[in-house]
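S.K.: As a plain string of letters, each chain reads:
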Amino acid sequence: MSITARDNLIKYLIRKKKVSLNDLMLKFGMSKVVTIDLINEINKSFKSDIIFSNQQGIYMTEQSKMICYNQIFRGKAPLFDCFESDERYVLIIIKLLVDQEFSSLQKLADFCLVSRNTILNDMKVIKKILGLKGLSVSYSRKEGYLISGSEFNIRNKLVTMVKQLLNMPAGKIILNEKQMVNGEEIFRLRKRLEKVESRIGITLTDEQLEDLPYILQFIIKRASHFQQNWTFQIAKYDIQNTIEFPEIKGMFWDYNSLKESDLLYLSLQILSSNMVESAFRISEGDEISLATDQFMDHIEAYLAIQFTQKNDLKEKLILHVGPAIYRSLIGFKINNPLVDEFIEQYEDIYNIVLKAVEPYEKIIQSKLSQEEVVYLSMIVLSWVLKTEEAESLFKAVVLCQSGTSVSKLLLSSLKQMFKEIDFVGAFAVRQYCEFEEVDFVFTTVPIETQKPTFLVPSLLDKDSRKTLIQQVYQEIQGNNKRITQKLLSSIEEFIPRENLKKVSDRITDIFQHQFRKPSISDLEKETDQFIFTHEHISIFTRLIEWDDLVDYALEPLLRRGSITEQYVKVVKDIFYSKYDNMLIARDVYLPHASPEYGVNQMDFQIIILKQPIHMPNGDDLKVVVTLAPDVDNKHVSTLIKLNTLFNDDNVFAQIYQEKDIGAIQAVLNN
Amino acid sequence: MKKVIVACGSGVATSQTVASKVKKILEENKIKADVSAVDIKSLDKYVKTSDVYISITKNTKEFNIPTLNGIAFLTGMGIEEETKKLLDLLK
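Going down the list, the sequences are from chains H and W.
In terms of numbering that gives the first Met the number 0, the first sequence is residues 0 to 669.
In terms of numbering that gives the first Met the number 0, the second sequence is residues 0 to 90.
Calculated from the structure, these hints are not laboratory results.
A quick note: this is a predicted structure, and the numbers were derived from the prediction, not measured.
Just so it is clear, CB atoms sit at the ideal spot from N, CA and C, and this is done for glycine as well.
Check each hint, because a few of them may be wrong.
Pairs of lysine-lysine, DSS-like flavour, derived with a Cα cap of 30 Å [unchecked claim]:
| hint | chain 1 | residue 1 | chain 2 | residue 2 |
| --- | --- | --- | --- | --- |
| 1 | W | K44 | W | K90 |
| 2 | H | K609 | H | K640 |
| 3 | W | K23 | W | K84 |
| 4 | W | K84 | H | K394 |
| 5 | W | K84 | H | K571 |
| 6 | W | K31 | H | K126 |
| 7 | H | K248 | W | K83 |
| 8 | W | K31 | H | K485 |
| 9 | H | K640 | W | K22 |
| 10 | H | K450 | W | K83 |
Anything over 12 Å on all C-beta distances counts as not near chain H; from chain W, calculated [to be verified]:
| hint | residue |
| --- | --- |
| 11 | D38 |
| 12 | I70 |
| 13 | K90 |
If you only want the chain H side, here are some residues facing chain W, beta carbon under 8 Å, derived [said to hold, decoys possible]:
| hint | residue |
| --- | --- |
| 14 | Q449 |
| 15 | I583 |
| 16 | P594 |
| 17 | P628 |
| 18 | H634 |
| 19 | L638 |
| 20 | L644 |
| 21 | N646 |
| 22 | N649 |
| 23 | V650 |
| 24 | Q653 |
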């Protein structure tokens with residue numbers, strides 16, 4: 000086999016998609032038998048078929064072209080001595096979009112292996128091609144040729160051009176030959192893509208996996224050579240909050256110059272770039288508006304209700320659904336940590352919304368993800384719960400890190416719970432400073448503020464509702480100054496001006512002096528201290544085993560019905576593992592647990608151990624106070640008293656040595 | 000207003016007692032601060048918005064706010080030292 004004949008044949012086939020045997024015979028002046036023999040010999044020498052033939056003709060695959068290019072031509076003789084006009088247009092556009100260096104007419108002519116006149120003619124076509132996408136080409140002595148327009152359109156054009164070139168025969172080889180790509184980086188990007196693919200559970204087609212590294216490399220080149228601040232529509236669609244985005248972002252960890260919008264754009268490409276434009280078309284059209292009308296009709300029919308302020312609801316829904324449809328179309332799955340919890344609590348609403356989203360699913364021609372349906376359910380539920388606002392003394396704001404539907408639902412629940420509070424709305428934490436005039440802040444994330452703040456879970460279950468109501472009323476009632484001010488401002492208009500000061504003084508006096516919140520010292524003096532009777536004090540003269548201590552200590556409480564067996568069990572678990580820190584005073588231990596573990600009523604027991612128990616930590620145990628705490632912390636004042644008593648060495652000694660329960664009782668109740 | 004957080008295992012007894020004692024100390028020293036008792040499970044949540052943490056549990060975790068020994072307030076042993084630290088932190 001002649002090497003020249005081999006190289007010429009391969010070189011010819013590399014540039015073609017497919018040729019007929021006849022073409023080859025004519026081109027190389029060979030007989031049919033000689034041509035077929037040559038092809039067979041070439042395949043034999045490569046140990047696998049690199050030239051294929053079928054009924055339609057003879058061809059090489061892009062892979063086999065690359066193999067031949069690498070083995071025979073790369074770095075040796077140039078493979079191309081000319082380019083077709085289509086190839087030139089693409090090459091010129093790509094070069095102008097990613098190369099920052101000066102592109103003169105001459106340089107482009109050299110690059111494309113043609114005359115300057117040809118480039119001038121090409122430029123006319125290129126201007127038309129770019130004009131279709133709102134891009135323009137200018138020429139200046141200083142800058143050479145330059146393509147300008149919106150960065151988003153520019154990047155889309157770049158991607159289209161790269162794809163077009165990759166689809167041309169030997170497209171990748173052209174890029175290599177023209178030194179427009181870095182092979183090592185392509186390999187690295189491909190490996191990372193494979194990793195991302197498995198991590199976010201998507202499957203790229205082989206073709207995508209082949210082409211994407213090239214596309215990504217050109218976008219990165221564009222981003223780093225033309226560093227600028229740019230944004231595009233998707234930036235506001237909460238893509239950052241999806242499961243996929245952080246994973247994809249991680250893939251570009253070592254590209255420091257990439258900005259957030261660059262990373263978003265790269266993510267879009269990975270998750271199916273061909274959908275981008277159609278998604279924008281849909282989210283701008285009125286399909287979503289119509290589908291939303293149908294969606295609301297469905298819900299009203301299923302729930303047999305009529306929404307109030309339907310237009311507002313529609314606006315809210317569209318605000319969410321636009322991006323949701325967009326996300327679904329391009330394959331992003333929104334992160335919604337409340338899915339399971341929500342479905343469990345509001346299964347009915349969820350199922351109805353799941354049925355009602357059908358008009359939306361028609362638009363995207365596939366199912367909406369569970370996460371998106373839950374977000375929609377939250378919006379619907381918050382509307383269902385919407386009630387008339389009562390006249391209110393207090394103003395509050397609901398803050399939430401992100402995801403407006405979560406906070407909207409929370410807002411509705413809170414409005415229902417606290418009719419006397421006027422909720423100005425639900426907002427992102429960063430917007431908080433705009434609401435300095437509120438009295439209370441309800442937030443799902445800790446924030447720094449001087450205002451009374453209630454940290455609440457995103458979804459309020461029964462328990463958290465109960466606790467929250469307690470906390471809020473404590474705050475409202477506990478702060479008399481606030482009540483005074485609020486009361487005054489709300490009745491001010493009905494008070495004759497000349498009496499305003501008198502009334503104000505009188506109210507202030509009543510609230511701030513007579514109904515003053517008791518101070519700590521008042522608490523200690525409080526008369527509703529626990530009264531210790533005979534049966535609340537036990538004296539053990541025999542030695543009690545450490546392991547039996549809690550049983551003995553809790554037995555009287557159990558007998559009095561103050562606690563349940565469950566409480567005993569929990570206290571045992573806690574006390575034997577953490578007794579070290581369960582003190583009420585020096586050397587006085589306090590076995591107890593939270594009231595929710597089974598306290599029926601507040602109760603105490605004082606245990607005096609005449610024979611001290613040697614504890615595992617080496618200390619001796621002489622006095623134990625067992626406690627069944629009160630839900631409203633009424634036990635605290637008694638604990639403070641016990642703490643003061645037992646910390647006094649003299650009192651401690653007196654109680655410990657006393658044999659008469661009545662005497663101990665007198666000290667305790669004093 | 001600065002925030003002091005007191006935590007014990009249950010959040011209902013020991014921490015409440017210490018919180019009351021601390022409130023009293025602050026009242027006597029005319030220092031305004033918000034003192035609250037919480038259980039150890041919700042500590043992580045509250046510690047972010049607090050300025051001082053008074054611990055009555057074995058410290059298994061370090062927080063990046065000053066931590067005082069709650070047992071001192073409870074038993075009176077070493078209370079002067081802890082009180083001084085607390086007042087300095089809240090000034």
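S.K.: Hint H:L638 vs chain W: min CB-CB distance below 8 Å?
M.R.: holds, 5 Å
S.K.: Checking hints one by one. Is H:V650 an interface residue toward chain W, by the C-beta closer than 8 Å rule?
M.R.: violated, 13 Å
S.K.: Could you grab the alpha-carbon distance between H:K640 and W:K22 and see if it respects the 30 Å cut-off?
M.R.: It holds: about 15 Å lies between the C-alpha atoms, which stays within 30 Å.
S.K.: Quick one, is the H:L644 hint okay against chain W at 8 Å, beta carbons?
M.R.: violated, 12 Å
S.K.: Taking 30 Å as the top limit, are the C-alpha atoms of H:K609 and H:K640 close enough?
M.R.: holds, 23 Å
S.K.: Please verify that hint: H:N646, Cβ, nearest Cβ of chain W, below 8 Å or not.
M.R.: Given a least distance of 5 Å, the restraint on H:N646 holds.
S.K.: Hold the hint about H:I583 up to the distance rule: shortest CB distance to chain W must be less than 8 Å.
M.R.: Given a least distance of 7 Å, the restraint on H:I583 holds.
S.K.: Tell me if the interface restraint on H:Q449 is satisfied: Cβ within less than 8 Å of some Cβ in chain W.
M.R.: With a closest approach of 6 Å, the H:Q449 hint holds.
S.K.: Is the Cα-Cα distance between H:K450 and W:K83 30 Å or less?
M.R.: holds, 28 Å
S.K.: Starting from W:K31, check that the Cα of H:K485 is at most 30 Å away, please.
M.R.: OK: W:K31 and H:K485 at ~23 Å, within 30 Å.
S.K.: Can you confirm whether the C-alpha distance between H:K248 and W:K83 stays at or below 30 Å?
M.R.: violated, 49 Å
S.K.: Was the hint right that H:P594 lines chain W, CB cutoff 8 Å?
M.R.: holds, 7 Å
Violated hints, listed in ascending order, are 4, 5, 6, 7, 11, 12, 20, 22, 23, 24; each of the other numbered hints is respected by the structure.
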